[in-house]
Structure formats: C-alpha cells, structure tokens
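For reference, the chains in residue letters:
Number of protein chains: 2
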Amino acid sequence: MAEPHRIKGVLAPVVTPVKADYSADMERLIRHCRWILAQHCGLAVFGTNSEANSFSVNERMAMLDALVGSGVDPTRMMPGTGCCALSDTIQLTGHAVKLGCAGVLMLPPFYYKDVSDEGLYRYFSEVTQRIGDARLRIYLYHIPLLSQVPMTLPLIERLFTTYPQTVVGMKDSSGDWSHTKAVLAAFGKSGFDVFVGTEALLLAAMRHGGAGCISATANINPAAIRTLYRDWRNTDADAQQDMLNLVRNAVAKYPMIPALKQVVAHYSGDAAWTRVRPPLTELTAEQVHGLLGDLARRAFTMPGLRPDAASEG
Amino acid sequence: MAEPHRIKGVLAPVVTPVKADYSADMERLIRHCRWILAQHCGLAVFGTNSEANSFSVNERMAMLDALVGSGVDPTRMMPGTGCCALSDTIQLTGHAVKLGCAGVLMLPPFYYKDVSDEGLYRYFSEVTQRIGDARLRIYLYHIPLLSQVPMTLPLIERLFTTYPQTVVGMKDSSGDWSHTKAVLAAFGKSGFDVFVGTEALLLAAMRHGGAGCISATANINPAAIRTLYRDWRNTDADAQQDMLNLVRNAVAKYPMIPALKQVVAHYSGDAAWTRVRPPLTELTAEQVHGLLGDLARRAFTMPGLRPDAASEG
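Respectively, the protein sequence lines represent chains A and B. Using the numbering used here, the final residue of the first sequence is 494, and nothing's skipped along the way. Using the numbering used here, the final residue of the second sequence is 494, and nothing's skipped along the way.
There may be inaccurate statements among the hints.
Any copy, or any two copies together, can satisfy a pair, since identical chains are not distinguished.
To be verified - Simulated crosslink set (DMTMM-like; lysine to aspartate or glutamate; CA at most 25 Å straight-line):
(1) Lys294 x Asp357
(2) Lys279 x Glu240
(3) Lys200 x Glu240
(4) Lys200 x Glu338
Hints are computed from structural coordinates only; laboratory data are not their basis.
Chain A extracted, bound-state conformation (with noise of 0.2 Å):
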C-alpha cells in the first residue's frame, strides 16, 4: 500500500512566464506557485503546460533551485523530468530528488517512434539505478498525443512490479476514460496512484480510487478543482464537476497554453504574462476577447492573485 505521505490531490503543470529575451521570469514564476500552493494545490512544474521541454535541463534545474531557495516547499512539488536523452533526464531526475521533491512526472523518450516496451523498460530501468535513491519517486507520464508514444499496460505493470518503491504512479493525460479505468482496475488497489490530465475526469476518477489530477486549468482556477477533490463523495459533487467543466471548457476551445497565460495576465492585470517561447505563439486579439468573454460571462474570478501588476520584466 501507498505510504501515507505520498503526494495526491490537485497539482497545477505550473505556467512558465517568460521576459521579454525569452528567459525564465522567476520573480513572477515564484509568486504563481506560492498563489497555486495557497488555494492547498500542488506545484507539477515542468509539465507540457509549463512549455517545459522548451527550456534546456540547465534552465529547469535554475527554475527549481530558485523555487526551493525561495521557500516553496519541495514536497509540494512533482516536477516533469522526462527528456530524450536519458542522460537529461538522469541529471534532471537526481537533482529534483536531491532538492526533495515529492516525485517526478516523467515523460518516456519521445523523439523516436515506435519503440518497444522493451526498450522504454531498458530506459526508466536505467533512470531508476543510475539515481539509486531510495527518495526517488516517479510518476510516468502517458501523454500519447504529444508524446507519441504511449506507456502500454504491460510496461506499466514490469515497471510497477519491478520497482514498486519507485515507480509508483501516473499521469494519464490520453483523455481515454477507458485506458485511465483498466489501469485503476489494474493497480490502483495496490498502491499505484493514477492521476487523471484533466478535472473534466476528477470525480470519475475518484469514484474509481485514483489519486487526484494535474490539470492545466489548476493553474486558473485551483480552489474550485480542490474543493471538489476534497468533497467527492458528497451529495453536490457532480454539481461541482459540472462547474468545473463549464471553466474548462471555456478555456479549451483555445490552444492551452497561450490561453491560461491569457488569463493569468488579465486577472493579475499584468500584461508580461501573455508571453510564450517560441514555437508557441500568443492567442490573436479576436480569441483574447472570446476567451475573456466567455468567462466574464461565468463570473469567472481569480481570487486572491496579486491585483499589484510588478514591473515589467
């Protein structure tokens, strides 16, 4: 069974700000993740909402160092550690567990296709000894439309059994209810932690004994996403995932990640938050106006975010 200390509930795939040269804004990075942590959410930095794999290992390792320097408490943290090259993501993986952090989400190697469970065994087996830390927790990361290669239930299952200290849990970003409960009905019992991609999938997902979500919109709109988490099982639950679902959705119809970056900048009236490293690029002035519409229209609010914009960076 999990140890009781695991980390579950909501965790927010962090939304990286970036200065006008395109490098890590850590004053405002620092700030979003103490906002994030005090509506009670988790800090999964790094994640592909975070445009983590647009930033170099030494970049990321800064961005952690200077998030744990300034107080966040590493246990409150799953950062994405998953790179192509397992020498990347050996360096990235031991210097989250060093700092502390509660686990790593980890994305399989995702430039070549079509490789076999054999060979992706061979690289999270390989991740696992070179760490030797006995810390280390990892949370395998099944993102099949990005990543395009998908963590198959039998990879899953030799990983889980064989490193059942270690690998202890996932992400299922595949949007598949279907792949998300076989894989509940597989290991859930036994102490493998599933978090679903979405809170669309929240209450399904505890009703099934999952672990909780990482979800993009945690990044906008957390204490909703919590509160549910905490009262599934209470009788206005599903009345809550509909609410939950109406923010969604009105974010979704948008690419992501420019979106909530939109929306942070609109609610913190500050405007240095709408940036993106290229490839991305910001939403159009017609999809700003949609989207803030459509959530004006929800009574959409961000309670508690620093209204004081800071100085452009």
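Go by the hints and put chain B onto chain A.
Chain B only, in chain A's frame:
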C-alpha cells in the same frame, strides 16, 4: 547563387557507438568518421540515425570537440543541432559554428504539435539572430514522420527570403518525392540546397537540381552512393541507382539504427558496435541472420573498414 564552397554531395548521419555504460565511444566514432571521409562523403553527425536526441547537448558538444580535436575536418561536417528547447538549439548551434562546421542540420522543435508557421519562424529567426555569426549555415530538417512538425513551403520561403545567407538549404526526409520536387522547383535555382534523405531518391534529386543526399545507408555503403553522386550524368546512372537500392532495401526491412550498427559490427568484426542507447533495442538474432544473409547474397562489402577489432569499450 550559392557560394562555391558550400558543402554538397553525400553525407552520412553517422551512427554513434556507445560503451557498455551507454556513454559515447569516441574512439570508435572517430574511426568510423575517418572511414566515411575516406570514401569522400561528409559527416552529418547527430542526425536521426545518430541517436542524436538520445544524447544531451553537453554530450554532443563534447563529441564535436573530440572529433575536431582528433583532426576531423569541420568543413566536412553538418552536425544536427535542432532541439526542443530554443536555448539548447542556440547553445549547440553556436558551438558548431565556433568549431568551423560547414553547416548545421536543424530539426524544428518537436514536442509541441500543430504549432503555427509563425511560431516556427520566430524560433528559427531567434536562433539565427542570437548566434549572430556570418558563418552560420542552417539546413532545415524536414522529417515529419519523426518530428511530427512539418516544414511547409511558405515557412521555407519566408526563412530563405529573410535570411538568404543563413538558411541556405534543407534535408527532405519526407520520402515524398512530390514534396522534394516542389521545393526544388520553388527554390533550387535561387541557390537553396536540397538534400534528399535517402539515396533511393539521389538520381531523381540530381536530375532536378538537388545538392546531394544525407542518408542512413551512407554509414555502410558510402563509396557507391558517392559514385552515383559524381556520375549521375553518366549513361549507367540508372543501373547504379538500382544497385544502391538493392543494398538500401536489404537494410531498410529492419529498424534502421540497430541494423546499421549490426552491419558495421559484422564487417568490422567488432561486436561492441551493436549497442544502442535506450529506448532503442538491438536487432533480434533472427533479424541479424536475415539482414546479414541478404547482404552476403548481394556480395556486399565494406572495403577499408578496419578489420582488427579494438578492445571492448
């Protein structure tokens, strides 16, 4: 029109030998590069078939240093330098330019899918401006099957028009001759150098104004491919192309990277060459038997490949 000294002809995406601990085996890499150069082919180190994305930027820079340090001529090299992260691409590209490489082969950032031409333009534009070195020569790497991020004709045109001295060519690994032909027709006469990604299209490319090919099989069959490049106007060119295809087809039935390494291992008598870095896996015994049998029946040889195997790395 293109400068006369631009790199052209046949280049090998050099397979990267690894030691038992999966680190790059520099001794074998240098030896293999020298053998390819001796067949009058160039070195597209860090290509797809080099397992480039399985190595960190630091590992790739160290390999470049070691190659140039050992006397390998950088003007015969077009290293792959395109990474997911803008910062990684800038660092690795800058290093290649500093070492005097003839050019760099640049993948688009390949984690995010469905990115816009505008976003890709900003990415390549930013790299070009950050490097800020008149010696920089970028060859765009179009390999949609693996990158899942195509380089469209409008994007190529915009980059070539904006940076005519820098974005000077491409490698087309689409395998789609109609696409290659369209690029050649649009930009070939203006000095844009198009390399095809397989020698199976070499003769066709040369007849339409192509610059050569960068092909996996140039790791094992460089002399014959180079001969067709030199002799493409000769009356026996079609017969030469047919002979090249026989070798190509024998290898291409199997996963390309482990197959190439198996062939090098066999014809050099050096079993250490068979190793691949995870997530790739070696060929099965049955595959090895089939591959080597097919090559033997074609009386395939690798003349000059050092027959005395070095000690196990």
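Hint check results:
For a Cα distance limit of 25 Å, the shortest separation of lysine 294 from aspartate 357 qualifies both inside one copy, at 20 Å, and across copies, at 19 Å. With identical chains, the CA atoms of lysine 279 and glutamate 240 are at most 25 Å apart both within one copy (17 Å) and between copies (22 Å). Taking the shortest alpha-carbon separations for lysine 200 and glutamate 240, only the intra-copy value of 14 Å comes in at or below 25 Å, while the best inter-copy value is 29 Å. Proximity of lysine 200 and glutamate 338 under a CA criterion of 25 Å is satisfied in neither setting, with 42 Å inside one chain copy and 29 Å between copies.
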